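First to last, the protein sequences are chains W and G. Per our numbering, the very first residue in the first sequence carries number 1; after that it's consecutive. Per our numbering, the very first residue in the second sequence carries number 1; after that it's consecutive.
It should be emphasised that the hints constitute simulated quantities derived from the structure, not laboratory data. Just so we're clear, the structure is a prediction, and the values are computed from it rather than from any experiment. One or more of the hints may lead you astray.
As the list claims (entries may be wrong) - Quick partial rundown of chain G residues pointing at chain W, CB under 7 Å, derived from the structure:
#, residue
1, L358
2, I470
3, V473
4, Y475
5, G490
6, A513
7, V598
8, L614
We put the CB at the ideal spot given by N, CA and C, even for glycine.
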Amino acid sequence: MSAPNKSYDPVQVTTLNAEEVDRARDAALASIAAAADLETLKRVRLDHAGDRSPLALANREIGALPPAARAEAGKRVGSARRAVSDALAARQGELEQARDEQVLVEEAVDVTLPWDRSPRGARHPLTTIQERVADLFVAMGYEVVEGPEVEAEWFNFDALNLGPDHPARSMQDTFWVGSPDAGLVLRTQTSPVQIRTMMRRDPPIYVIAPGRVFRTDELDATHTPVFSQVEGLVVDEGITMAHLRGTLTHFATEMFGADVVTRMRPSYFPFTEPSAEMDLRCWVCHGESVGNPERPCRTCSSEGWIEWGGCGMVNPRVLTACGVDPERYSGFAFGMGLERTLMSRYGAEDMRDMVEGDVRFALPFGMEL
Amino acid sequence: MRVPLSWLREHADLPPDATGHEVATRLVAAGLEVETVDQPGHDIAGPVVVGRVLSFEEEQHANGKTIRWCSVETGEGDPRGIVCGALNFAVGDLVVVALPGATLPGGFAITARKTYGHVSDGMICSARELELGEDHTGILVLDTGHAEVGADAVALLGLRDEVLDIAVTPDRGYCLSIRGVAREAATAYDVAFHDPADVALPESGDGGRQGRIEDPTAADRLVLRSVSRLDPQARTPLWMQRRLTHCGMRPVALAVDVTNYVMLELGQPLHAFDARRFDGDVVVRRAAPGETLETLDHVRRELHPEDIVIADGRGPVGLAGTMGGTATEIDAQSTDLVIEAAHFSPAGVARMSRRHKLASEASRRFERGVDPALPPAASARAVQLLQELGGVTYGGSTEVDLPRPDVTISYPVDRAERTAGMPIGPDTVVAHLQAVGAVLDRPAGGVLTVRPPSWRPDLLQPADLDEEVIRLVGYESIPTALPSAPVGRGFTAEQRARRRIGQALAAAGYVEAPCYPFVGTEVLDLLGIGEGDPRRHALRLANPLSEEEPFLRTSLLPGLLLALRRNDRRGMHDVGLFEVGNVYLPADGSSEVPRPSVGGRPSDDELAALDAALPDQPWHVAVVAAGLREPAGWWGPGRPVSWADAVEAARVVARAAGVELDIGHGAEAPWHPGRCAELRRQGAVVGHAGELHPSAAARLGLPAGTVAMELDLSSLLEHPGDPLQAPRVSTFPVATQDVALVVDAHVPAGEVEAALRAGAGGLLESVHLFDVYRGEQVGEGQASLAYTLRFRAPDRTLTVEEVSAARAEAVAEAGRRTGAVQRG
Ligand SMILES: [Zn+2]
């Protein structure tokens, strides 16, 4: 690019008059406005603001004017050039923005396309429901205790006030490990864990014992030889049935919601005395199916109540067998079947679905209940 | 125990309008588990009336059947013509007629219909059609004098009733009777109770059969009453048949039905012997070695020396309180009977019933404890009924009554309050204990002396009385309170780790599948787990559900792989499963499992011996997967699951457990010998991972390429690492160096990496293998491994010289350990 005023074409000096400057400016502005894309605008910039553009030439000629005319001419050309460069900058901005927007439009995809490339996993609801119960009681200060599944007959029966001839013992449908008189069983209940805990710890004891238990039932829609229980045990000074009832009511509310209705009725377990059964009001029929053949209820078999679990005050004989002084301490224990809870709470209808490992059962439950 | 409401009402003055469901609710609150309230006869509708047969004509039909075309008077209008297939009635007999428009049990609708060439205007009913029993050999003929023609047969026969079905818990044996349930119902409604055991005892007479108890631990009471001249024509009246039927027993013949009826009414099992078949005295004793007995179920049984038998001069004639024998069984010709009522040892009967796998109505009652006061009354009641219904002559009785231990309980009058956690008050306590039947002394000082009633052998200690008092106050009045637990320690480290592992595997795309622990040898054969493998050494169940799967698992894989196959066969081909569970490893040399006394805490040695006798039961975690690990889709093809996914699953577990795993080549069934990783922690093998052996997968019917991983979780969690030293994060720049090493293709990449790490020294930040190449350019049997090494110092920017020196050391160490040569 040549420096101004070094040489000039005298023919073009005529362009310096005011009309010519205005015309050149207007032509430039019109072209800028008409530029539809960045490519056109680049050419327009060259034509109207480049070195060879009329306004650039006019600018160069200012120096050739008589000094008196220079100021005015300089002002006129300068203002025209500024108008053109402002317009160029503005248009440049507009067109760049339009281009960027267009790029985003072109990059758009169908976000509803599936992208299920990572396999989905899940935990079994029997595990997560057990964890939920554990969390609830741990939050109340309990600890979670565990024991062996292949258990000494002595822990599973004798220590629980189930002597060799106790009628309840034959009701238990026990799996015997080895020979029937070898003294080993698959535990029929999680209660031996309570015994182990009382043997190991001194009161106060606040524990829950979740785990798998075993009975010789064939698998069908409502029975399984392997199932899950969670048991609770409290041994402390001054423990009463009111404490038992309060604890289970709290438990029921947390598991089934604030509107759950519970019922406690007398029952029998060798290791508790007094013993009770805790029932839940059927949340499907609310008891309206009882004695009402027109409106039978499958959930509660038209009994109005659903058995939730057994409980009671720890039998003083059991405390004695564990070396706990029944004159000083009392305690309560409770036990719930988790399959039953799952069936009741989540409408699981067939026990087989829970035990066969079919992924379609566990997947909807995800990671936590 | 099935309890007809009509029978209950005879002994408890229940409100006339109380329904079966209402009574059930009261009994449930008192501690009886009423399972259902059945309503027999409530499905009988429309006209079912008493009719009189005026005449009939017998017709022989082409199909060989003889029918009677009867004219039956039914009370209104002209006699009806009714076709009847039975032949056991005579003109003038009263029968039950279901008229057109009636419905019989089971929804059987009666219409006037054409049959055997006549229009039968109704139906003459059999006992079974009315649910009065099983008898379907002929129609039901009513006793004349008891019914009028046209009367409503439903009301007359008491067909409509409500029956409470009660599951009697082991402590409430007395409720295996109308007597016991009526007592509870009367208490629950606070109305009068009429004890059916209040029977006038007949004179003892002198024609009685002599009885003897030879073993006082077998029985403590024996009453024998003799009757003779039973009318062989006498039938069990309909009302008794109906009650027996409603209680779930089958009417048989009068003498047997009477003993069953008394058992249901009072709870005392009775046995009636044919006196003429019974040789000599009635003896209660233990069985002698070698004795046998054929019981009424026609099974010849070898007797055990502990069995309690009733014997005559020739030998055992019945298992006491369990089942009689065929030799002295009464039959249709029996006219002279000996009625035996005894109180047998509950434990003795329980053991005998278990030993012979023989549970009867009698054994169920004796096991739970029968009222020892009952034998005289129950046998007298049977005699009374046989006199009324069978015209017998009473011949007298004998009795043996041995002393029984006396139970008295010192009972602080405020104890029930302290147990329940609510005020009850001494008067209420006394009233409720009396309602139960206890006899009390109430001295000053607040401690009662309580003698429980004879029918409550379960009441032995103060806690037992607590339950009686509190249940009669009502469990529903117990308030709620929360005990204040001391501060707890939360979950153990192992419990937290197990939960994290489950969450991590689920997040990694595996579905938890807890499996049964039962396995058979077949699946181990299919997996190629051979005879010498320690996993073959398993505990066996004495009574497995299936003889195919009698063992307890020593590995989680069989169960998981079968679950995987189940999914595959159900159309879920791309599946990954996991389980966190126990396996059971038999202890070496079987030690005796001790059985300490339960009178107090066993000694620490005894407890240790108990634990030592148990098998080791470590936790394992296993993963199996088949099909595609990443599915095919619009993005392209899927990625089949591979051995590497199984190894990675092990790493997922290790990371969740917070431990490091070392991985080497392994060779273990059921894995592919060239695609099996051995998983080690601190030098010890803790598991394996990889692709299944192709033949194992094929034999088990699993998809080709199925992978599996199993870790001994207990070992993995056993020794936690040293406490972690928190890292100081260096802000100086990283220096990155790439290096390509050529090694023999058999050299494990893991060893090369270990060598690089060892050689590179403390400045090394990370090693990353970014390429593996085998081909012409590196020569036959060689592999090129390309690594990125990142170096960084905590306190300075590294110089080029430092970095190059560290890299050279790394390469040199790799060369020393693995023969690696830097690629040119
Ligand atoms: Zn319901």
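Report task. Using Cβ atoms only, decide whether L614 (chain G) comes closer than 7 Å to chain W, and label the hint accordingly. Result -> holds (6 Å)
Query raised in the report: Does the CB of V598 (chain G) sit less than 7 Å away from some CB of chain W?
Result: holds (4 Å)
Query raised in the report: Any CB of chain W closer than 7 Å to the CB of L358 (chain G)?
Result: violated (12 Å)
**Report entry** Supplied contact hint for G490 (chain G), tested at 7 Å Cβ to chain W
**Finding:** Given a least distance of 6 Å, the restraint on G490 (chain G) holds.
Report task. Return the status of the interface hint for V473 (chain G): holds when the least beta-carbon distance to chain W is below 7 Å, violated otherwise. Result -> With a closest approach of 11 Å, the V473 (chain G) hint is violated.
Query raised in the report: Given Y475 (chain G) was flagged as interface, is its beta-carbon under 7 Å from a beta-carbon of chain W?
Result: holds (4 Å)
Requested in this report: With a cut-off of 7 Å on the beta carbons, see whether I470 (chain G) makes it to chain W.
Outcome: holds (6 Å)
Query raised in the report: Is the interface hint for A513 (chain G) satisfied, with its Cβ closer than 7 Å to some Cβ of chain W?
Result: Because about 3 Å separates A513 (chain G) from the closest Cβ in chain W, which is inside the 7 Å limit, the hint holds.
Taken one by one, the earlier hints fail for this structure at numbers 1 and 3, listed in ascending order.
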